[in-house]
Amino acid sequence: MELFIYKTYNDWYRDKPTEIIEGEIVNLYNGLIAIDTFIDGKSYRQLFSTKNNFAMLYKLPYGFLSFAKEINIYAEVDSWKKSKPEISFKGEICEDECSEGRCVFIDENGYKHYVSLDNIYAVTYERQ
Numbered sequence: 000m001e002l003f004i005y006k007t008y009n010d011w012y013r014d015k016p017t018e019i020i021e022g023e024i025v026n027l028y029n030g031l032i033a034i035d036t037f038i039d040g041k042s043y044r045q046l047f048s049t050k051n052n053f054a055m056l057y058k059l060p061y062g063f064l065s066f067a068k069e070i071n072i073y074a075e076v077d078s079w080k081k082s083k084p085e086i087s088f089k090g091e092i093c094e095d096e097c098s099e100g101r102c103v104f105i106d107e108n109g110y111k112h113y114v115s116l117d118n119i120y121a122v123t124y125e126r127q
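Going by numbering that gives the first Met the number 0, the sequence shown opens with residue 0, and the numbers climb by one from there.
Hints listed in this document are in silico derivations from the structure and should not be mistaken for laboratory results. Values in this document were obtained by computation on a predicted structure and should not be read as measured data. Note that CB positions come from ideal geometry on N, CA and C, so glycine has one too. Any given hint could be a false lead.
Here are the simulated DSSO-like cross-link-like pairs (lysine-lysine), alpha carbons at most 30 Å apart as the crow flies [as the list claims (entries may be wrong)]:
1. LYS50 x LYS111
2. LYS15 x LYS83
3. LYS80 x LYS111
4. LYS41 x LYS15
5. LYS83 x LYS111
6. LYS68 x LYS6
7. LYS41 x LYS111
8. LYS80 x LYS6
9. LYS83 x LYS41
10. LYS15 x LYS81
11. LYS6 x LYS89
12. LYS41 x LYS68
13. LYS50 x LYS68
14. LYS111 x LYS81
15. LYS83 x LYS6
16. LYS89 x LYS41
17. LYS68 x LYS15
18. LYS83 x LYS68
19. LYS15 x LYS111
20. LYS68 x LYS80
21. LYS58 x LYS83
22. LYS111 x LYS89
23. LYS50 x LYS80
24. LYS50 x LYS6
25. LYS89 x LYS58
26. LYS81 x LYS6
27. LYS68 x LYS81
28. LYS58 x LYS68
29. LYS111 x LYS68
30. LYS81 x LYS41
31. LYS80 x LYS41
32. LYS80 x LYS15
33. LYS58 x LYS6
Quick list of simulated restraints, FRET-style, between CB atoms [said to hold, decoys possible]:
34. MET0 x ASP77: 23 to 29 Å
35. GLU69 x ILE19: 15 to 21 Å
36. PHE66 x LEU46: 30 to 36 Å
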């Protein structure tokens, strides 16, 4: 599958990927993100840091969400205090894949995002 890697928050916000590669994302037990690739006839596993890469995303093969909920991203404490998110969209948080350093969600277009929390003050989302 096609994987999009974004070095910075601004690249991700503007949808300007730093790198596009073919591979499969694997969540390792220790919270690392790995991408399995096949290059020059050899299989490689590449480990990626969410400290050095703001986001990684890919299109899910099985379509769209049936119950998308509001997700808000606040880059600054002031925007959070005023409840004025820099980014607001519909999707679903994957709580079991989130960690201290990253937030994982699926947007309403069927893309799964692995986003670093290093440059984000808060992520809020609707629960039911």
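Each hint tested on the structure:
1. Restraint check for LYS50 and LYS111: satisfied, since their Cα atoms lie roughly 18 Å apart, inside the 30 Å limit.
2. Between the alpha carbons of LYS15 and LYS83 the distance comes to roughly 24 Å, so the proposed pair stays at or under 30 Å and holds.
3. Under the criterion of a C-alpha separation no larger than 30 Å, the hint pairing LYS80 with LYS111 is consistent with the structure, at around 28 Å.
4. About 29 Å separates the Cα atoms of LYS41 and LYS15, which keeps this hinted pair within 30 Å; it holds.
5. A threshold of 30 Å between alpha carbons decides the hint, and for LYS83 with LYS111 the separation of about 24 Å falls inside it, so the pair holds.
6. Restraint check: the Cα-Cα separation between LYS68 and LYS6 comes to about 27 Å, which is no more than 30 Å; the hinted pair holds.
7. Of the pairs offered as hints, the one joining LYS41 and LYS111 holds, with about 27 Å between alpha carbons and a cut-off of 30 Å not exceeded.
8. Only pairs whose Cα atoms come within 30 Å are accepted, and LYS80 paired with LYS6 is accepted, the gap being roughly 27 Å.
9. For a cut-off of 30 Å, the pair hint linking LYS83 to LYS41 is broken: about 48 Å separates their Cα positions.
10. For a cut-off of 30 Å, the pair hint linking LYS15 to LYS81 stands: about 29 Å separates their Cα positions.
11. At most 30 Å may separate the alpha-carbon atoms for a hinted pair to count; LYS6 and LYS89 meet this at roughly 23 Å.
12. A distance of roughly 41 Å separates the Cα atoms of LYS41 and LYS68; the hinted pair therefore is violated under the 30 Å criterion.
13. Under the criterion of a C-alpha separation no larger than 30 Å, the hint pairing LYS50 with LYS68 is consistent with the structure, at around 27 Å.
14. About 28 Å separates the Cα atoms of LYS111 and LYS81, which keeps this hinted pair within 30 Å; it holds.
15. With a C-alpha separation of about 25 Å, the suggested pair LYS83 and LYS6 falls inside the 30 Å cut-off, and the hint holds.
16. Between LYS89 and LYS41 the alpha-carbon distance is near 39 Å, which puts this suggested pair outside the 30 Å criterion.
17. Restraint check for LYS68 and LYS15: satisfied, since their Cα atoms lie roughly 25 Å apart, inside the 30 Å limit.
18. Straight-line distance between C-alpha atoms of LYS83 and LYS68 comes to about 17 Å, which keeps the hinted pair within the 30 Å bound.
19. Between LYS15 and LYS111 the CA atoms are separated by roughly 16 Å; this keeps the pair inside 30 Å, and the hint holds.
20. Of the pairs offered as hints, the one joining LYS68 and LYS80 holds, with about 21 Å between alpha carbons and a cut-off of 30 Å not exceeded.
21. Of the supplied pair hints, the one linking LYS58 and LYS83 holds, its CA atoms being roughly 28 Å apart against a limit of 30 Å.
22. The straight-line distance between the Cα atoms of LYS111 and LYS89 is roughly 12 Å, inside the 30 Å bound, and the hint therefore holds.
23. With a CA separation close to 25 Å, the supplied pair LYS50 and LYS80 stays within the 30 Å bound.
24. Using a Cα cut-off of 30 Å, the hinted pair LYS50 and LYS6 holds, with the two alpha carbons roughly 9 Å apart.
25. Restraint check for LYS89 and LYS58: the C-alpha separation of about 16 Å stays at or below 30 Å, so the hint holds.
26. As the CA atoms of LYS81 and LYS6 are separated by approximately 28 Å, the hinted pair is consistent with the 30 Å bound.
27. Annotation: proposed proximity of LYS68 to LYS81 holds, straight-line Cα distance about 21 Å (limit 30 Å).
28. Under the criterion of a C-alpha separation no larger than 30 Å, the hint pairing LYS58 with LYS68 is consistent with the structure, at around 18 Å.
29. Restraint check: the Cα-Cα separation between LYS111 and LYS68 comes to about 15 Å, which is no more than 30 Å; the hinted pair holds.
30. Straight-line distance between C-alpha atoms of LYS81 and LYS41 comes to about 51 Å, which puts the hinted pair past the 30 Å bound.
31. Pair hint LYS80 plus LYS41 does not hold up; C-alpha atoms about 50 Å apart against a cutoff of 30 Å.
32. With a C-alpha separation of about 29 Å, the suggested pair LYS80 and LYS15 falls inside the 30 Å cut-off, and the hint holds.
33. A threshold of 30 Å between alpha carbons decides the hint, and for LYS58 with LYS6 the separation of about 18 Å falls inside it, so the pair holds.
34. The beta-carbon spacing between MET0 and ASP77, approximately 38 Å, falls outside the hinted interval of 23 to 29 Å.
35. Separated by about 29 Å at the C-beta atoms, GLU69 and ILE19 break the suggested range of 15 to 21 Å.
36. Between PHE66 and LEU46 the beta carbons are some 33 Å apart, a value that agrees with the proposed interval 30 to 36 Å.
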